[in-house]
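Starting from the given sequences, assemble the full structure and let the hints guide the process.
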Amino acid sequence: MNLPSIDWAPLLPVLAVTTTALAVLIVDLFMQGPDRDALAWLAVLGLAVTAVISAVLWGHPARTLNGTFVVDDYAVFFDLLFCAASILTTLMAVDYLATTGVRGGEYYALVLFATAGMMTMAAATDLIVIFLGLEVMSIAVYVLAGVWRQDVRSNEAALKYFLLGAFATGFLLFGIALVYGATGSTHLDTIATEIGRHGRDGHEMLLLGAGLLIIGFGFKVAAVPFHVWTPDVYEGAPTSVTALMAVGVKAAAFAAFARVFLDSLASARADWSTVLWWLAAATMTVGNLLAITQSNIKRMLAYSSIAHAGYLLVAMVAGGKQGGAALLFYLLAYTAMNLGAFGVVVALARRGEPNETIDRYAGLGFRRPMLALAMAVFMLSLAGVPPLVGFAGKFYVFRAAVDSGYVGLAVIGVLNSVVSAYYYIWIIVTMYMREGEVEPPLLRTRPYLAATIGIAFAATVLLGVFPGIGFALARGGFFSLG
Amino acid sequence: MDHSLLTALIFTPTLGAIFLGLLPSEERIVQRAALVFSLVPFAISLAVLALFDGTRGDFQMIERHAWLPEFGVQYLLGIDGVSLFLVLLTTLLTVLVVLASFGDVHKRVREYMILMLLLETGMIGTLLALDLILFYVFWEVMLVPMYLLIGVWGGPRRIYAAIKFALYTMFGSLLMLVAILYLASLQRAATGATSFDLLKLYELSIPLDTQLWLFAAFGLAFAIKVPMFPFHTWLPDAHVEAPTGGSVILAGVLLKMGTYGFLRFAWPLFPAAAVAAAPYVMAIAVIGIIYGALVAMVQPDLKKLVAYSSVSHLGFVMLGLAAMNVEGVSGSVYQMLNHGLSTGALFLAVGAIYERRHTRQIADFGGLWKVVPIYSVMLLIAMLSSIGLPGLNGFVGEFLCLLGAFGADRRFVAWAVLGVILGAVYLTWMYQRVIFGPITHEENRTLLDLSPREILVFTPIVILVFWMGIYPKSLLSRMEPSIQTIVAHVEKGARSGRESRGREPVTEAKAAVSSAAKAL
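Note that the protein sequences, when read in sequence, are chains A and B.
Take the first sequence: its position 308, counted from the start at 1, is 308 in this note's numbering, and no numbers get skipped.
Take the second sequence: its position 109, counted from the start at 1, is 109 in this note's numbering, and no numbers get skipped.
Stretch by stretch, here's where chain A covers chain B in the computed footprint (C-beta under 8 Å, at least three residues):
#	segment
1	128-137
2	141-153
3	165-175
4	178-185
Since the hints were made in silico from the structure, they are not lab data.
Treat the numbers as computed from the prediction; the structure is a model and nothing was measured.
Ideal Cβ placement from N, Cα and C applies to all residues, glycine included.
Right under this line is the structure:
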C-alpha cells in the first residue's frame with residue numbers, strides 16, 4: 001500500500017486537541033475522589049495551546065494528506081472559534097457537573113474529541129474528510145447529550161439526536177456519492193473544476209447530490225424543516241452541552257457547508273441559491289414564531305438558535321466574498337452572545353431543580369443585578385440592538401444581502417428581528433418588571449462560571465462597539481478560500 | 001477645543017451613569033449626584049450655544065473619525081440651527097426630570113437615574129449624528145432605557161405598555177435599517193465607495209420610484225415615533241403607564257426624534273418623493289390634529305388627555321414641516337420646542353398632583369385654585385402655552401406652521417385651524433373642571449402647594465414660555481440659515497428630478513402614490 005507523505009504542520013491543531021483528550025482520559029484513571037477540577041484545567045490548557053498553534057498558522061496556508069486537509073485562514077478562524085467555545089463550555093461546566101452529579105473525566109474528553117471533529121470539518125477539502133470530521137464530532141456530542149445517565153430527558157435527548165442524526169448523515173453520504181458520480185471526485189477543488197468543464201452535462205445528478213448535501217448540513221445547523229429534533233435535544237441535554245451544540249456544532253456545520261457551497265459549488269450558485277433562499281426565509285420565520293410560545297428558557301434558546309441559523313443562511317444566499325465574511329462574523333457574534341446566555345441558564349440550575357422555566361427569572365434583575373444585567377445584554381444582542389455584537393452581525397449579513405440584490409430576504413430578516421425582539425425582551429420583562437416569589441439558593445460561587453459569563457459579556461459589548469477586528473478576522477478567513 | 005465638544009456632550013451622561021453605578025445606593029446621595037451629572041451636559045450644551053455661529057446654515061463643530069472604514073461607517077457629528085435647540089431642550093428637560101423625580105421615584109432610584117442618563121446619551125447622539133449608521137445606533141440606544149423606565153417604574157399596565165412601545169418602535173426602525181443599507185448600496189453603485197455620510201448621500205440622485213420606497217421605509221419609522229395617525233396607539237398606553245419623568249422625556253424629546261428624522265433625513269434624502277407625498281402627509285397631519293383633539297376632549301384621565309393632546313400638537317409640527325417652506329419649517333421646529341416645554345410642564349403638573357392624591361381622574365378634582373394657588377398658576381401657564389395664546393411660545397409656533405402650510409396648500413389650513421379651537425376647548429375645559437368651581441372632594445382641602453423644589457422645576461419652563469413668546473427672533477434667527485439650507489436643498493432635489501427625467505415627476509409620483517393608496 002502506497003501511503004502519501006504527510007506534512008504534519010497543518011495537522012498540529014487537531015493533533016493537539018486529540019492528544020489533550022487522550023491525556024484527560026488517562027489522567028482521569030489515576031485520580032482519586034470526586035473532584036475533577038484538574039481535568040478541566042488540563043482541557044482548558046490543551047485548548048489554549050491549540051488556539052496558540054492555530055494562531056501561529058494564520059497566514060501560512062498549507063495542505064496535507066494528499067490535499068484533503070488544509071490549514072488556510074478559513075480553517076484557522078474556525079479553529080480559534082471552536083477553541084474559544086470549548087474553553088468557555090468547559091469552564092461553564094466545572095461547577096455545573098459537580099452540582100448535577102456527573103463525573104467529570106469523560107465529559108471533558110468528549111468535549112475535546114468533539115472539538116477535534118469540528119476542526120477537521122473546517123479544515124477538510126474533501127467530502128469524505130468532512131464526513132469523518134462530522135462523525136467524530138457527532139458521536140462525541142451524542143454521548144454528551146446523554147451524560148446525565150439517570151435523567152430520562154437526557155436519555156431521550158441523546159437517543160433522539162443519535163437516531164435523527166444518523167438518518168441525516170445518511171443523506172449526506174448519499175449526496176457525496178451522487179456528487180462523486182457527477183464529477184468523478186470527492187475533492188472540493190476537483191469538483192469545482194469538473195463543474196466548470198462539464199457545463200451542464202450530468203448536471204441533474206450533481207443537483208440531486210447538492211440537494212442531499214443541503215439536507216445533511218441543514219440537519220446539523222438546525223434549518224427548517226430539518227429542525228424538529230432541536231428543542232427536545234437542547235432541552236434534555238445538560239445546559240453546558242446544549243451550549244456546545246448550539247454554538248460549536250452549528251458553527252462547524254456552517255464551516256463545511258460554506259466551504260462546499262460558497263467555494264466548491266459556487267459556479268452552480270444559480271441552482272442552489274433559490275433553495276437556500278426559501279430555507280433561510282422558512283428557518284427565520286418558523287424559529288422566531290415558535291420561540292415566542294416557549295415557557296422553558298432552553299427551548300426558547302433552541303428556537304432562537306434555529307432562527308439564527310436562518311440569518312446565517314441569509315449570508316450564504318447573499319454569497320460572494322461579502323456574504324461569506326458576513327457568515328463568519330455572524331458566527332463569531334452568535335458564539336459570544338449565545339454562550340453568555342447559556343452561561344446564565346447554567347448559573348440558575350440546581351441539583352434536581354434546573355430552574356429552566358422563564359417564570360423563575362422573575363425578579364432576578366434586583367436579586368442578582370450583575371447576572372441579570374449580563375442576561376439582559378445577551379438578550380438585547382440576540383435581538384440585534386446596537387451597539388452590541390448581534391447588531392454588528394445583522395448589519396453585516398443584511399448589508400451583504402442588500403448588496404447582492406436580495407432586498408426581499410433582508411426585509412423578511414428584519415421583520416423576523418422584530419418578532420424575535422418580543423421573546424428576548426420578554427426575558428428582560430420577567431427579570432426586571434415582575435416580582436419573583438422564591439429566592440433560589442446560590443450555586444457554589446466559584447469564579448469559573450462568572451468568568452465564562454464575563455468573557456462572553458465583554459466580547460458581546462466590545463465586539464459590538466468596535467467590530468473592526470472581528471470584521472478583519474472574518475474577512476481574512478473567508479478571503480483565503482479559492 | 002471645538003473638536004470634541006459634541007462628543008463630550010454625548011458621553012458625559014454615560015460617564016455619569018457609570019459613576020452612579022459605582023456609588024452606594026443611598027437615595028439622597030444618588031439623587032444629588034444624578035442632578036450634578038445632568039447639569040454637566042446642560043452646561044456643555046450652553047457652551048455649544050455660545051460658540052455656535054448663528055449666521056451659518058451648514059453643519060458646525062464637525063467631528064469626523066473612521067469607525068468601520070471598510071464599510072464607510074464613520075463617527076461623524078455636527079450641529080446646525082435645528083439640532084442646536086433640540087439638544088438644549090434635551091439637556092434642560094433631563095435636568096428638570098431628574099429634579100422632579102426626587103418626589104415620585106423612591107424605589108430603585110439609582111437604576112432610574114442611570115437609565116435617565118443613558119437615555120440622554122441616546123437622545124443627544126441621535127440629534128448630532130450625521131452618519132446614518134451612527135444615527136441608527138443612537139436611535140436604538142434610546143429605545144432600551146425608555147422601555148425599562150416604563151416597564152419598571154410604570155403604572156399597573158406597564159408591562160403591556162412597555163412591550164407595545166418597544167415592538168412598535170423596533171418595527172419601524174428595522175425597516176429603516178434595510179432602507180439605509182439599500183441607500184448605501186446605491187451610493188456605492190454611483191460613486192464606487194460605500195458611505196453612510198449624510199452629507200454625501202444628500203448629493204445622491206435616486207430614481208423616483210426607488211425614492212418613494214425608501215421614503216416610505218424611513219417615513220414609517222419616523223411616523224411611528226412622532227406618532228402620526230394611525231400609528232399613534234402606542235402613545236397613550238406608554239404615557240399613561242410611564243412614570244412622570246418618563247412621560248416628560250417621551251413627550252418632550254423622544255417624539256421630536258420622529259419629526260426631526262423627517263426634517264433631517266426623509267425630506268432631504270428623498271426630495272422628489274417627499275414633495276410628491278407632501279399632500280398626503282399634510283392630510284394625515286390634519287387628521288391627527290383633529291382626531292387627537294377630539295379624543296383628548298373626552299378623556300376622564302388627565303394624563304391620557306395630555307397624551308392625546310400630543311398627537312394633536314405633533315400634527316401641527318408635521319403640517320408645517322410638510323409645507324417645506326421657510327415659514328413652515330421654522331414654525332415646525334419652533335413648535336417642537338414649544339411642545340417639549342408646554343407638554344413637559346403639563347406632565348410635570350399631572351405628576352405633581354398625582355403624587356399628592358394618587359389619582360389622575362379629572363372628576364376627583366375641582367376647586368383647587370384656593371387650596372394650591374401656585375400650582376394653579378403653573379398649570380395655567382402650561383395650559384395657555386399649549387393652547388397657543390398670543391404672547392406665549394405656542395402662538396408663534398402654531399402661527400408659523402399655519403402660515404407655511406397656507407403657502408403650500410391652503411385647503412388643509414382651514415381644517416387645521418379647527419384643531420386650534422378644539423385645543424382651546426379641551427384644555428380650558430380640563431382646567432375649569434380641575435381648578436375652578438367648588439371643592440367636591442374633602443381630600444382636596446388639605447392638598448399641599450408646590451414645594452420650593454417643584455417651583456424650581458417649573459421656573460425655567462415658565463421663563464422660556466414667556467421668552468419664546470415675546471422674543472422669538474432670538475431663536476428663529478439662529479435657526480433660519482439652517483432651515484433655508486434644508487428648504488433650498490429639497491427644492492433643488494425635487495427640481496433636478498423633474499429636469500433629468502424630462503417629465504413631471506411630481507404628478508407621476510402623485511399618480512403612483514394614489515394608485516398605491518387605492519390598492520390598499
